[in-house]
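There are 4 protein chains.
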Amino acid sequence: MAEKILITGFTPFGSEKENPSQMVVEAFDDTFCGVEVVKAILPVSFAKAGKMIVDLIEDVRPDVVICLGQAGGRNEPSIERIAVNLNDSNKADNDGDIPEERVIVSGGASAYFSSLPIKDIVKNIKASGLPATVSNTAGLFVCNHVFYLALHYVSVRGLATKVGFIHLPYLPQQVIDKKGKPYMSLCDMLTVLKVAIGTTINKFYKY
Amino acid sequence: MAEKILITGFTPFGSEKENPSQMVVEAFDDTFCGVEVVKAILPVSFAKAGKMIVDLIEDVRPDVVICLGQAGGRNEPSIERIAVNLNDSNKADNDGDIPEERVIVSGGASAYFSSLPIKDIVKNIKASGLPATVSNTAGLFVCNHVFYLALHYVSVRGLATKVGFIHLPYLPQQVIDKKGKPYMSLCDMLTVLKVAIGTTINKFYKY
Amino acid sequence: MAEKILITGFTPFGSEKENPSQMVVEAFDDTFCGVEVVKAILPVSFAKAGKMIVDLIEDVRPDVVICLGQAGGRNEPSIERIAVNLNDSNKADNDGDIPEERVIVSGGASAYFSSLPIKDIVKNIKASGLPATVSNTAGLFVCNHVFYLALHYVSVRGLATKVGFIHLPYLPQQVIDKKGKPYMSLCDMLTVLKVAIGTTINKFYKY
Amino acid sequence: MAEKILITGFTPFGSEKENPSQMVVEAFDDTFCGVEVVKAILPVSFAKAGKMIVDLIEDVRPDVVICLGQAGGRNEPSIERIAVNLNDSNKADNDGDIPEERVIVSGGASAYFSSLPIKDIVKNIKASGLPATVSNTAGLFVCNHVFYLALHYVSVRGLATKVGFIHLPYLPQQVIDKKGKPYMSLCDMLTVLKVAIGTTINKFYKY
Chain D
1 MAEKILITGF TPFGSEKENP SQMVVEAFDD TFCGVEVVKA ILPVSFAKAG
51 KMIVDLIEDV RPDVVICLGQ AGGRNEPSIE RIAVNLNDSN KADNDGDIPE
101 ERVIVSGGAS AYFSSLPIKD IVKNIKASGL PATVSNTAGL FVCNHVFYLA
151 LHYVSVRGLA TKVGFIHLPY LPQQVIDKKG KPYMSLCDML TVLKVAIGTT
201 INKFYKY
Chain G
1 MAEKILITGF TPFGSEKENP SQMVVEAFDD TFCGVEVVKA ILPVSFAKAG
51 KMIVDLIEDV RPDVVICLGQ AGGRNEPSIE RIAVNLNDSN KADNDGDIPE
101 ERVIVSGGAS AYFSSLPIKD IVKNIKASGL PATVSNTAGL FVCNHVFYLA
151 LHYVSVRGLA TKVGFIHLPY LPQQVIDKKG KPYMSLCDML TVLKVAIGTT
201 INKFYKY
Chain Z
1 MAEKILITGF TPFGSEKENP SQMVVEAFDD TFCGVEVVKA ILPVSFAKAG
51 KMIVDLIEDV RPDVVICLGQ AGGRNEPSIE RIAVNLNDSN KADNDGDIPE
101 ERVIVSGGAS AYFSSLPIKD IVKNIKASGL PATVSNTAGL FVCNHVFYLA
151 LHYVSVRGLA TKVGFIHLPY LPQQVIDKKG KPYMSLCDML TVLKVAIGTT
201 INKFYKY
Chain B
1 MAEKILITGF TPFGSEKENP SQMVVEAFDD TFCGVEVVKA ILPVSFAKAG
51 KMIVDLIEDV RPDVVICLGQ AGGRNEPSIE RIAVNLNDSN KADNDGDIPE
101 ERVIVSGGAS AYFSSLPIKD IVKNIKASGL PATVSNTAGL FVCNHVFYLA
151 LHYVSVRGLA TKVGFIHLPY LPQQVIDKKG KPYMSLCDML TVLKVAIGTT
201 INKFYKY
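Protein chains in written order, with the working numbering: chain D, 1 to 207; chain G, 1 to 207; chain Z, 1 to 207; chain B, 1 to 207.
Simulated from the structure, these hints should not be mistaken for lab results.
Predicted model, so just to flag it, every value in this text is computed and none were measured.
Misleading hints may appear alongside valid ones.
Which copy is meant is left open, so a pair is good if it fits within one copy or across any two.
[Said to hold, decoys possible] Computed list of lysine-lysine pairs in DSS-like fashion (alpha-carbon distance at most 30 angstroms, straight line):
hint, residue 1, residue 2
1, Lys203, Lys179
2, Lys17, Lys119
3, Lys123, Lys91
4, Lys179, Lys51
5, Lys91, Lys203
6, Lys203, Lys178
7, Lys91, Lys126
8, Lys17, Lys194
9, Lys17, Lys91
Okay, chain D solo, but in the shape it has when bound (with noise of 0.2 angstroms):
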C-alpha cells in the first residue's frame, strides 16, 4: 500500500509570468486513490532546488515522487527516462547562474534511469485520449538537476521509493504571443498527472 506521493513544480522563470508545473501541483488534489498527495513549488535555482528535493524525499518519505517542469516548446508532455549527471546551459537560473558543462555530483554515476513504468505511462495517457511521449532527455537545467539528485539520493540511500520527472507543454495562455508554439490545456495536465501517478501506484503498490 502506498501512503504518500509527494509532487513538486516549479515557480515561473525567465520572462514567463506562469509555470504550468506550479499550475498543476497546486490545482491538484490533497489525496488521490486514497493516498496522502505532499506538494511543493521548487525554485528555478541550482543552487537551492536540490537541496529542497532531497530534504523533501528525507522529510515526507514518500512512496512515489514525480517531479514535473515546463518544456515550453514541446507539444506533447514528455515522461522523462533520463537524469544526467551535469548542469549546463545559456540561460539563466532565477539566481542568475549559468553553469558551463558543470558535474552535479563528483564521481556520481554518469546517469540515472527513471523508476516509473514511463511506458505503461504514456500508454495509458493515450487511452485517455491525450497525446503523451516517452522522452530521452530533460535537458541541463534545473529540471535535470532536481531529477538527477532526487534519483542519486534514493539510489545511495537504498530506498525503495518511485522516482520520476514529467515535462509539461506551455498552458494556452503562455503562447498568445508566441505563434507556433504548442499548447496543452490546464485541465489535460491534470489528467496527465493523474494517470501517471494511477499506473505507478497500480504497478507498484496494487492499490
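Given the coordinates of chain D, work out where chains G, Z and B should sit on it, guided by the hints.
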C-alpha cells in the same frame, strides 16, 4: 438586434474518426446571449456541401453565419480572411472527388473577404487566454468551397448577413499517434466560438 | 520565342542582414537558355516597390516576370498561386509604413491568379531532387503588393506577359541563431529559379 | 600529431533509399589537413554494427572517430553529447530487431560523454555560416548503440582516441514527399564534417 446565428461543422473525412468542427457545433448551446443558434453538420463533399450552405442561409435567414472546419496541423484556431474562387486538391472529398483547379462560380469574383471583424475576434480570443490568428488562406478544399459560396450568395442577394469561417486544430485524441502535431481541447474550442460570435454580435448588433 | 525574362529580388528588411531573393537574383546568369535575363532589386517599401515593378514591366517588356521574396520560417520554396488586393501588416516596411487592411487598387479585382504553370514548376523542382510546394497565400506584405500590381498591370493592359512569385526560405547563415527555423542553400535556390524559368518558357514559348 | 581519423556512416533504413551519413562519408576526401581519413559504412543492425565499430577502432587505431547518422526530422546537424547504455525502439533495424529497453553492456556505465569538443564544433560550424546544435540525446536506436560501444571500448582500454557522433538532417531529395520536414544540402553537410574534424584535431593535436 440579432435574432439568429447559423453555425456549421463538417463530418470527419480522410482517415479521421472525428472532426473538431462537428464536436464543437454539437456541444454548443442552442441560444447564446439571447440569440437563437441554428446548427448544421455539412458533408465533406464538393457536390453537396455548397448547396446545403446556400439552402441553409435561404431557409434560416441568419444574421451571422460562422462555418467551422478542421485544419489538421495548424497550431492556433485560424479566423479566415478570404475565400477564393477555386477548388483544388490532391486528396479526395468523401465522395471521391479530387478537383483539379476547378472554378467554383464561373464569372464569380476571384475572391471574397470575410465580413466578420476578424482582427477583433483574434484580439478578444487572446484576451480570453487562448491563442488565435488571422489566416490568409482557407485552403482550396471543401472548407473554402463552402466559405466562398456563402459569401457569394450573400453578396449576390445583397444580404446584410455576416459570414465567416474558423479553422480549428486537431483535438487531443486525434494526435495520439501523430507525434508533433498540435492540438486544442474541446473546451477551449468552445470558448473560441463563443468569443467569435460575441465579438461579431457586439460589433454589428450591439447586444 | 521568349526574348526577355525579368527577375526581381528584395533588399533585406527587419533585423535581417541579407535577403535570399536578392542573393539569388544577383547570382543568376545574365542569359538562360538563350533568353536575356533582366534583374532588379526592389526596396521593401509599399510606396516604392509597386511603382518600380510596373515601370520595369513597361520598360523591359519581358515575356516572363518572376518576382522572388523571403518567407522566413517556411520550409519549402513556395510557388505562389494568388495575389490579393490588400496590404496588411503588424510589422513596418523599410520606410516605417505599417498598413492596416489597406486596399491596393481601389475597385481592382479582389485577387489575381499567377499566370505561371505553378503545378508543373513544383513537379519539375521535385524531379530535380528538391522540395517545393504551391502556396495559396503570399501574405499581405510588400511581396503580395508587388505580385498584385504586376498581375494587375498585365491584366489591365492586356499583355501576354506571364507573371509569378516565388517565396524562398531563409539561407543557412540567417538561421544560425534561430534554432528550429528551416533553411535552404543558395545553390539549391538557384536550381529552383532555373527550373521555374525553364518550365515556364517550355510551356508557353517552346524553346 | 594526429595520423588517422575514422569516419563512419550508415546504410539506408526503413523506407529511405539513401542515408545522408553514407553519402557524406563516401563524398569525403581520403586525407584532410594531412591526416589520413579511413571510411566505413555500418549496417543499421544492432547485432552487427557494434562489433564492426569496435573492430574498426582496434584495427585502424584512429586518433579520432566521428560516427555519422541520419536524424530525419531534426532541423540542424546535431553534435551529440551523450551515449546511453540502452537500446529501445518501436521500429525495426534492418535485421528486423526491435529492442525493448535492452541494456547494451551489462554492468557498463549508464552513459558516456562524447570526447569531442562539442561546443567548439558548434561555434565553428556557425562561424562557417551554417546552423548546428549540441544535442543531449542520440536516441536509443543503432546510432546510440554504436556511439555507446565506441566510447565504452575506448574507456575500457584506456585509449586516448577521441570519439563523437553527429546526427544529420534529411537531404533535400529525401523530403520531396515529406512536406514540412527540414533538410540540408550535401555540400553543407560536408562542411559540417570538415569543421568537426578540424576543430577536434586543432584542439587535441595542434595541427
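Do the hints match the structure? See the list:
For the identical chains of this complex, Lys203 and Lys179 are inter-copy neighbours only, at 26 angstroms across copies versus 40 angstroms inside a copy, given an alpha-carbon limit of 30 angstroms. In this assembly of identical chains, the alpha carbons of Lys17 and Lys119 lie at most 30 angstroms apart only when taken from different copies (25 angstroms versus 32 angstroms within one copy). Proximity of Lys123 and Lys91 under a CA criterion of 30 angstroms is satisfied inter-copy only: 17 angstroms between copies versus 34 angstroms inside one chain copy. In the homo-oligomer, the alpha carbons of Lys179 and Lys51 never lie at most 30 angstroms apart, since the shortest distance is 37 angstroms inside one protomer and 33 angstroms across protomers.
In this assembly of identical chains, Lys91 and Lys203 lie within 30 angstroms of each other by CA distance solely across copies; the values are 26 angstroms between and 38 angstroms within a copy. In this assembly of identical chains, Lys203 and Lys178 lie within 30 angstroms of each other by CA distance solely across copies; the values are 27 angstroms between and 39 angstroms within a copy. In the homo-oligomer, the alpha carbons of Lys91 and Lys126 lie at most 30 angstroms apart only across protomers (19 angstroms), although the nearest pairing inside one protomer, at 33 angstroms, exceeds that limit. Taking identical chains as interchangeable, the C-alpha atoms of Lys17 and Lys194 lie at most 30 angstroms apart whether they share a chain (25 angstroms) or sit on different chains (26 angstroms).
When the C-alpha separation of Lys17 and Lys91 is checked against a cutoff of 30 angstroms, the pair qualifies both within a copy, at 17 angstroms, and between copies, at 25 angstroms.
Violated hint for the displayed structure: number 4, the only one.
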